[in-house]
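Student: Residues per chain, in single letters:
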Amino acid sequence: MGRGGSRAAPAAAAPPWHVLPDEVWEHAFSFLPADSDRGAAAAACRSWLRAERRSRRRLAVANCYAASPQDAVDRFPAVRAVEVKGKPHFADFGLVPPAWGAAAAPWVAAAADGWPLVEEISFKRMVVTDDCLEMIAASFRNFQVLRLVSCEGFSTAGLAAIAAGCRNLRELDLQENEIEDCSIHWLSLFPESFTSLVTLNFSCLEGDVNITVLERLVTRCRNLKTLKLNNAIPLDKLANLLRKAPQIVELGTGRFSADYHPDLFSKLEAAFAGCKSLRRLSGAWDAVPEYLPAFYCVCEGLTSLNLSYATVRGPELIKFISRCKNLQLLWVMDLIEDHGLAVVASSCNKLQELRVFPSAPFDAAEQVSLTERGLVDVSASCPMLESVLYFCRRMTNEALITIAKNRPNFTCFRLCIIEPHTPDYTTHQPLDAGFSAIVESCKGLRRLSVSGLLTDSVFKSIGAHADRLEMLSIAFAGNSDLGLHYILSGCKSLKKLEIRDCPFGDKPLLANAAKLETMRSLWMSTCSLTLGACRQLARKMPRLSVEVMNDPRRGCPLDSLTDESPVETLYVYRTIAGPRSDTPACVQIV
Amino acid sequence: MELELGLALPNPHQPLAGGGELVGLLSGSAGACGKKRVFGDAFGASKATLLPLFVPEDGDGGGGDRDGVDHDPSNKKKRLEGWPPVKCARRRSCGGGYVKVKMEGVAIGRKVDVSLHGSYQELLRTLERMFPSANQQGAGADADHAEEEEEVASHERRRRHPYVVTYEDGEGDWLLVGDDVPWEVFVKSVKRLKILA
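Chains as they are written, first to last, in UniProt numbering: chain A, 1 to 590; chain B, 1 to 197.
One or more of the hints may lead you astray.
List of simulated lysine-lysine pairs, DSSO-like, C-alpha gap at most 30 Å [stated by the list, open to error]:
id, chain 1, residue 1, chain 2, residue 2
1, A, Lys124, B, Lys87
2, A, Lys496, B, Lys111
3, B, Lys87, A, Lys350
4, A, Lys325, A, Lys244
5, B, Lys87, A, Lys319
6, A, Lys124, B, Lys194
7, B, Lys100, A, Lys124
8, A, Lys124, B, Lys191
9, A, Lys237, B, Lys191
10, A, Lys124, B, Lys102
11, A, Lys237, A, Lys225
12, A, Lys319, A, Lys276
13, A, Lys350, A, Lys443
14, B, Lys111, A, Lys124
15, B, Lys87, A, Lys495
16, A, Lys225, A, Lys244
17, A, Lys495, A, Lys405
18, A, Lys496, B, Lys87
19, B, Lys111, B, Lys87
20, B, Lys100, A, Lys237
21, A, Lys515, A, Lys443
Hints listed in this document are in silico derivations from the structure and should not be mistaken for laboratory results.
Make a model of the complete structure from these sequences and hints.
Tutor: What follows is the structure, given as structure tokens:
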């Protein structure tokens, strides 16, 4: 590009750099992988906004009520992959009223109309009906990926529509959904000519599956990498399937239950020996210990092991895990106990994520010997450990302080001491000091769940130190409004706050109303809120949706209730879509 | 109306280091807001040993009376709703008493924790609340009704428009829910519930 100087003929003036054609910017933006980066680019100026939004291919809507489906389609016309999340997280534990909302239908309808080229749809915690699935099958010619996580409202009839209609389907990933079994042989509806499947996960399906059909499907889909089976597949059939798909990378074994037979053991062992690419393993729900050695040949290659529903315990379990030297992810039941975790600590040095689930969450008595020691050991010996979910029954400040010192690299720390208000069992003090140490040491902490006996002072630490914290879960903690005030006035990066059974009232909520618009959502249940405060909040902050939910047996509709009435559940979220119109009777938007 | 931004002082039994400066900034008023619910105090840190009691605010099914939490005061160890925070699938596999409930003609099934109930009566009450029939007179309007009146009304409703509730037992058989099987036996054997319209 000539820039002045002695040129014989007058050069055409080069356009200023910022007036480049949109296609150039779109190409540049295609190198920005993170949505937040694209968002930042879009905010720079009008032409970048135009270029960015018109070229956005992947869209993640973290709250289905934050914007309307039509808003999304209008703003981002070129989307090929969309993910929408619905109900609040506490819906997983039954705290959200039935028929609360989060219907997928409006999103499917808007996509069918405005995004005909969509290839991927993911829904999490939403109500997806068979009609939705039929519409998906009928509307998108190049549909490839369907991922449903923690959804409900559909049946095997909907799955049949997907199987029959989506000719280019690559992934059917059903995680922890409630699926009604209509006894429809949906698997049979994949045509014989259909071979494109890469991921098939039906582990959450409670019903029989035609195994011959499954075998044929697995055989002809040569690119199948992920196969996660449900309860209906017996062990010997599993071996057959593995022989037909030795290229498998991720396997969910399903039940894995059978009495020990040497013949079956050999068959399994041989089948696994053929799976040289197997890296991720889950299932083994009712596995008997004698079969675990059949897995030995794949242990060294495993990077991910999910035994979180497996009831197997004892030396065979520990021996098996200890052979998995390259594990990055381990999910396991507390049946592994402290001594098992000590072995994990010394064997699995590449561990990045550990989750330990309770085998008997509703029993008061301690049935297994899993304590703070297991977590201390793993934190001490696994330098790459950054994400923990740990259910246990006792904890000490000293253990937490040690963990914090050893592992400043935690990004996710979720500790659930099963009995509410449990203090440090050696000193009987609150666990404030321990959790404070965690937030002071782990500067990159993005997610935190606290439990045990805690006063307001731990929230002072969290508010002051947890600068990168995006999600915080609090239950049965704190002793006054100050606790909530510390959080809302601190925690610079806070996006999601969920609180239950804490003595937090109206004042900190109203004093920090502006903070709520910087967050995605706030959930408070069984706290000390009154309806008047919620009304005030809604008046003060028009861009927030303030939802109040009470027990259906008392006081609906809310219009007749006084300001002093207690509020059982409050759910507040920012939105550009205005108040939604699909609330059930016990949910009101104030 | 001017919003009073005073924050309650922390619990005097648990003095807070540095809590003083915040009170100075905002006009603090000693003691908690007068309208705080009773159990807000119950969860103070000064209690040494606490059982996870879910104390209702008033006599009749306080704000938290979902899924029929047993209010019998002799039952100290009450099950808390949604605690510990484990997903429904895990509850079922851990024998937590969570079973699926489907009503004929209703698309979305529900889940109910049978073990949170003490009797067939309580369970049926919960089911009525979960699946209010068109014939019921607004399940939830009159919180003023005494417990007894509710009972009578509920019996009336059942007589006029009875729900037929069936369950699947451990052997895969579908049976009528009823008093011929002792409650405790029922809780252990029930796998699923279905309500026939």
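Student: Are the hints correct? Go through all of them and say.
Tutor: Outcome of the hint check:
no.: 1; hint: Lys124/A x Lys87/B; in the structure: 14 Å, holds
no.: 2; hint: Lys496/A x Lys111/B; in the structure: 26 Å, holds
no.: 3; hint: Lys87/B x Lys350/A; in the structure: 28 Å, holds
no.: 4; hint: Lys325/A x Lys244/A; in the structure: 27 Å, holds
no.: 5; hint: Lys87/B x Lys319/A; in the structure: 29 Å, holds
no.: 6; hint: Lys124/A x Lys194/B; in the structure: 27 Å, holds
no.: 7; hint: Lys100/B x Lys124/A; in the structure: 20 Å, holds
no.: 8; hint: Lys124/A x Lys191/B; in the structure: 26 Å, holds
no.: 9; hint: Lys237/A x Lys191/B; in the structure: 27 Å, holds
no.: 10; hint: Lys124/A x Lys102/B; in the structure: 22 Å, holds
no.: 11; hint: Lys237/A x Lys225/A; in the structure: 18 Å, holds
no.: 12; hint: Lys319/A x Lys276/A; in the structure: 21 Å, holds
no.: 13; hint: Lys350/A x Lys443/A; in the structure: 21 Å, holds
no.: 14; hint: Lys111/B x Lys124/A; in the structure: 19 Å, holds
no.: 15; hint: Lys87/B x Lys495/A; in the structure: 23 Å, holds
no.: 16; hint: Lys225/A x Lys244/A; in the structure: 12 Å, holds
no.: 17; hint: Lys495/A x Lys405/A; in the structure: 26 Å, holds
no.: 18; hint: Lys496/A x Lys87/B; in the structure: 19 Å, holds
no.: 19; hint: Lys111/B x Lys87/B; in the structure: 12 Å, holds
no.: 20; hint: Lys100/B x Lys237/A; in the structure: 29 Å, holds
no.: 21; hint: Lys515/A x Lys443/A; in the structure: 22 Å, holds
The structure fails none of the hints (numbered hints given earlier).
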